[in-house]
Amino acid sequence: MRDVRVRFAPSPTGALHIGGVRTALYNYLLARQHKGTMILRIEDTDQTRFVPGAEAYILKSLEWAGIKIDEGVGVGGPYAPYRQSERKDIYKQYAQQLITKGNAYYAFDSEQDLETMREQLKKEGNDNQQYGSANRLLMRNSLTLSEGEVDELLKSGEEYVIRFKVPKDQEVKVTDLIRGEVIVNSSQLDDKVLMKSDGMPTYHLANVVDDYLMKISHVIRGDEWLPSAPLHVLLYTCLGWKNDMPQFAHLPLLLKPDGNGKLSKRAADQMGFPIFPLTWTDPESKAVAKGFMESGYLPEALINFLAFLGWNPGTTQEIFSMNELIQSFSVERIGKAGAKLDIHKAQWFNQQYLRAKSDEALTPYLIESLEKENIPCSKEKAIKICSIMKERVTFPQDFWEHGKFFFIAPQTFDETVASKKWNNEVVKVLSAYKDALGRLTEFDAAIAKATIEMVASDLMIQSGKIMQAFRLALTGGASGPDLMITQEILGKDEVIKRITFALNTIPIKI
RNA sequence: GGUCUGUUCGUCUAACGGUUAGGACACCAGAUUUUCAUUCUGGUAAUAGGGGUUCGAUUCCCCUACGGACUACCA
37 MRDVRVRFAP
47 SPTGALHIGG
57 VRTALYNYLL
67 ARQHKGTMIL
77 RIEDTDQTRF
87 VPGAEAYILK
97 SLEWAGIKID
107 EGVGVGGPYA
117 PYRQSERKDI
127 YKQYAQQLIT
137 KGNAYYAFDS
147 EQDLETMREQ
157 LKKEGNDNQQ
167 YGSANRLLMR
177 NSLTLSEGEV
187 DELLKSGEEY
197 VIRFKVPKDQ
207 EVKVTDLIRG
217 EVIVNSSQLD
227 DKVLMKSDGM
237 PTYHLANVVD
247 DYLMKISHVI
257 RGDEWLPSAP
267 LHVLLYTCLG
277 WKNDMPQFAH
287 LPLLLKPDGN
297 GKLSKRAADQ
307 MGFPIFPLTW
317 TDPESKAVAK
327 GFMESGYLPE
337 ALINFLAFLG
347 WNPGTTQEIF
357 SMNELIQSFS
367 VERIGKAGAK
377 LDIHKAQWFN
387 QQYLRAKSDE
397 ALTPYLIESL
407 EKENIPCSKE
417 KAIKICSIMK
427 ERVTFPQDFW
437 EHGKFFFIAP
447 QTFDETVASK
457 KWNNEVVKVL
467 SAYKDALGRL
477 TEFDAAIAKA
487 TIEMVASDLM
497 IQSGKIMQAF
507 RLALTGGASG
517 PDLMITQEIL
527 GKDEVIKRIT
537 FALNTIPIKI
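Here our numbering is used: the first residue of the first sequence is 37, the next is one more, and so on.
The hints are simulated quantities; they were obtained by calculation from the structure and are not laboratory data.
Some hints here could point you the wrong way.
Restricting the straight-line Cα-Cα distance to at most 25 Å, the calculated cross-link-like pairs of lysine-lysine (PhoX-like) are [as the list claims (entries may be wrong)]:
id	residue 1	residue 2
1	Lys376	Lys326
2	Lys485	Lys501
3	Lys440	Lys393
4	Lys485	Lys470
5	Lys191	Lys209
6	Lys326	Lys96
7	Lys137	Lys209
8	Lys485	Lys440
9	Lys71	Lys96
10	Lys298	Lys376
11	Lys420	Lys485
12	Lys470	Lys533
13	Lys456	Lys533
14	Lys417	Lys470
15	Lys393	Lys298
16	Lys393	Lys372
17	Lys501	Lys533
18	Lys124	Lys232
19	Lys128	Lys251
20	Lys301	Lys326
21	Lys251	Lys104
22	Lys528	Lys420
23	Lys456	Lys485
24	Lys464	Lys528
25	Lys232	Lys191
26	Lys417	Lys440
27	Lys204	Lys278
28	Lys420	Lys96
29	Lys408	Lys393
30	Lys485	Lys426
31	Lys415	Lys440
32	Lys159	Lys204
33	Lys251	Lys137
34	Lys415	Lys533
35	Lys528	Lys417
36	Lys104	Lys71
37	Lys322	Lys96
38	Lys128	Lys191
39	Lys278	Lys124
Since the model is a prediction, treat every value here as computed from it, not as a measurement.
Can you make the complete structure from the sequences, with help from the hints?
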């Protein structure tokens, strides 16, 4: 088997979509598994859609995701340059070669001409309105014009494109690692533009030429390329590279969570989850789209989640580190059907990864939030908080979001809980508890527990009955981690202060 | 419209042609807990429809239905 060389080849037209990350991931996994090479090529042949900053964004996103590039834009390599806009001359040469061999031709048709042609075909009830074998001889190109006329047009600076002369009525076979054999009759294919009038190649030419020159062994790309794969096979054949043609694997698409259709930014927005790995600010509209990273997703969790969208190891194991994915991955086990993205599952993965971390490793998340709020906190306290919050958080920011009460005393109290649980018994117990605390010299969770139970039993009240109200007094809410440990972290004085405030503030419902 | 492609619980998916169609997420219920959460136990829930082939089809073939992609001098 030849050396595995795969490439991820995005075009810098905006933020990298989550589906793109998955494509990059699958490429990366295959490369690593076979000790191969992961290449990043930037396909920037469309100058009109170029978005400044997009390339840097792609680089940063891949880095965040833990997908390392061995060769290509950003790192260099033996087949540089890796930006297609810098390889214009190379493509031109091969386009020229195709013309010489009779596999391509110059076309001088204006946009208007093309439109007229399409309308005409439509009027005739023709299903196929493509520029191809059926009608290429009716158009203005080097197939219909004399050599002299062509030369003159070229010399005069007339705009032209180079089109591929698709052979007529040939069975073109694409062997796909996921789909099996796909056979298309070449008459269905149109004479695709290979070189645009601005001198840039189209995707089809650039892609085939680069994959060949860069010795790409496997092309793993989205499903949307399957229809043009036969064209690419034809191109390899005409260029005499058929034996060096890479193996294809067309990935099923990521779909919207509800209904049908492919996952779009709009759909993700509606469902309230990110679609880009990192936050992206559109340079034109200045619109900001929050990324997975900024939303609190851990890269290893997102990668694990993404890997399982369309692939599975065939076992019941679900948690996979990047290294384990590299070990277990196989193109054969990629599914054929599109996968709907269920953000719940992504959250579950995130939770799993978060929990797997040590208290010490979690603490920086809390500290970071606190620094933003300008709230000081000792490391010991932060570790304690993270330790008891750990089982209840999904995102790193939850330590702060769900644990604010550790730092800020409640000013208001959940009214539903107050009206249901705040009563005379509560007031009696808490008042007595508060007094008892005042007499204590030492304080921790165990002492707190013993004290509240003692106080309650003295008053002939079951401690369980007042616990929710107790929590309300300390945190302002109805839920949270263990109340005794919470008190230990809060400290005796703060507990007394909060109980006093609650007693003075919460009205008793009769 | 045409070409290509796909279809197993709500979602991601497993199942050499022979399984009570399995797992995970979500959901629901019970247990534990001072609450919520966690944890544990249990539960609801699927082979799109119709024809073949076969002793036997989720699995192979055909048709239908419904999705999706493509149909640009965009990638």
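Outcome of the hint check:
Distance restraint check for Lys376 and Lys326: the Cα-Cα separation of roughly 20 Å lies within the 25 Å cut-off, and the hinted pair is therefore satisfied. Simply put, Lys485 and Lys501 have alpha-carbon atoms about 14 Å apart, close enough for the 25 Å limit, and the pair holds. Of the pairs offered as hints, the one joining Lys440 and Lys393 holds, with about 21 Å between alpha carbons and a cut-off of 25 Å not exceeded. Taking the CA atoms of Lys485 and Lys470, the gap is about 13 Å. The hint holds against a cut of 25 Å.
In summary, the hint linking Lys191 to Lys209 is not supported, as the alpha carbons are separated by about 39 Å, beyond the 25 Å threshold. For the hint linking Lys326 to Lys96, the alpha-carbon distance of about 15 Å falls within 25 Å, and the restraint holds. Distance check on the hinted pair: Lys137 and Lys209 sit about 22 Å apart at the alpha-carbon level, within 25 Å; holds. Taking the CA atoms of Lys485 and Lys440, the gap is near 23 Å; set against the 25 Å cutoff, the hint holds.
A C-alpha spacing of about 23 Å is found between Lys71 and Lys96, which places the hinted pair at or below 25 Å, so the restraint holds. At roughly 8 Å between alpha-carbon atoms, Lys298 and Lys376 fall within 25 Å of each other, so this suggested pair holds. Pair hint Lys420 plus Lys485 holds up; C-alpha atoms about 18 Å apart against a cutoff of 25 Å. For the proposed pair Lys470 and Lys533, the alpha carbon gap of about 9 Å is at most 25 Å, so the pair holds.
With a C-alpha separation of about 23 Å, the suggested pair Lys456 and Lys533 falls inside the 25 Å cut-off, and the hint holds. Using a Cα cut-off of 25 Å, the hinted pair Lys417 and Lys470 holds, with the two alpha carbons roughly 23 Å apart. Distance check on the hinted pair: Lys393 and Lys298 sit about 35 Å apart at the alpha-carbon level, beyond 25 Å; violated. Between Lys393 and Lys372 the alpha-carbon distance is near 35 Å, which puts this suggested pair outside the 25 Å criterion.
A distance of roughly 22 Å separates the Cα atoms of Lys501 and Lys533; the hinted pair therefore holds under the 25 Å criterion. About 11 Å separates the Cα atoms of Lys124 and Lys232, which keeps this hinted pair within 25 Å; it holds. A distance of roughly 19 Å separates the Cα atoms of Lys128 and Lys251; the hinted pair therefore holds under the 25 Å criterion. For the hint linking Lys301 to Lys326, the alpha-carbon distance of about 11 Å falls within 25 Å, and the restraint holds.
For the given pair, Lys251 sits about 19 Å from Lys104 by alpha-carbon distance, which is consistent with the 25 Å threshold. Note on Lys528 and Lys420: the hinted pairing holds, with a Cα-Cα distance of about 16 Å set against a maximum of 25 Å. Pair hint Lys456 plus Lys485 holds up; C-alpha atoms about 23 Å apart against a cutoff of 25 Å. With a C-alpha separation of about 19 Å, the suggested pair Lys464 and Lys528 falls inside the 25 Å cut-off, and the hint holds.
With a C-alpha separation of about 17 Å, the suggested pair Lys232 and Lys191 falls inside the 25 Å cut-off, and the hint holds. A threshold of 25 Å between alpha carbons decides the hint, and for Lys417 with Lys440 the separation of about 13 Å falls inside it, so the pair holds. Taking the CA atoms of Lys204 and Lys278, the gap is near 19 Å; set against the 25 Å cutoff, the hint holds. Simply put, Lys420 and Lys96 have alpha-carbon atoms about 34 Å apart, too far for the 25 Å limit, and the pair is violated.
For the proposed pair Lys408 and Lys393, the alpha carbon gap of about 23 Å is at most 25 Å, so the pair holds. For the proposed pair Lys485 and Lys426, the alpha carbon gap of about 22 Å is at most 25 Å, so the pair holds. Using a Cα cut-off of 25 Å, the hinted pair Lys415 and Lys440 holds, with the two alpha carbons roughly 16 Å apart. Between Lys159 and Lys204 the CA atoms are separated by roughly 24 Å; this keeps the pair inside 25 Å, and the hint holds.
A distance of roughly 23 Å separates the Cα atoms of Lys251 and Lys137; the hinted pair therefore holds under the 25 Å criterion. Between the alpha carbons of Lys415 and Lys533 the distance comes to roughly 24 Å, so the proposed pair stays at or under 25 Å and holds. A C-alpha spacing of about 14 Å is found between Lys528 and Lys417, which places the hinted pair at or below 25 Å, so the restraint holds. Restraint check for Lys104 and Lys71: the C-alpha separation of about 13 Å stays at or below 25 Å, so the hint holds.
Distance check on the hinted pair: Lys322 and Lys96 sit about 19 Å apart at the alpha-carbon level, within 25 Å; holds. Distance check on the hinted pair: Lys128 and Lys191 sit about 17 Å apart at the alpha-carbon level, within 25 Å; holds. Taking the CA atoms of Lys278 and Lys124, the gap is near 23 Å; set against the 25 Å cutoff, the hint holds.
Against the hints set out earlier in the document, violations occur for numbers 5, 15, 16 and 28.
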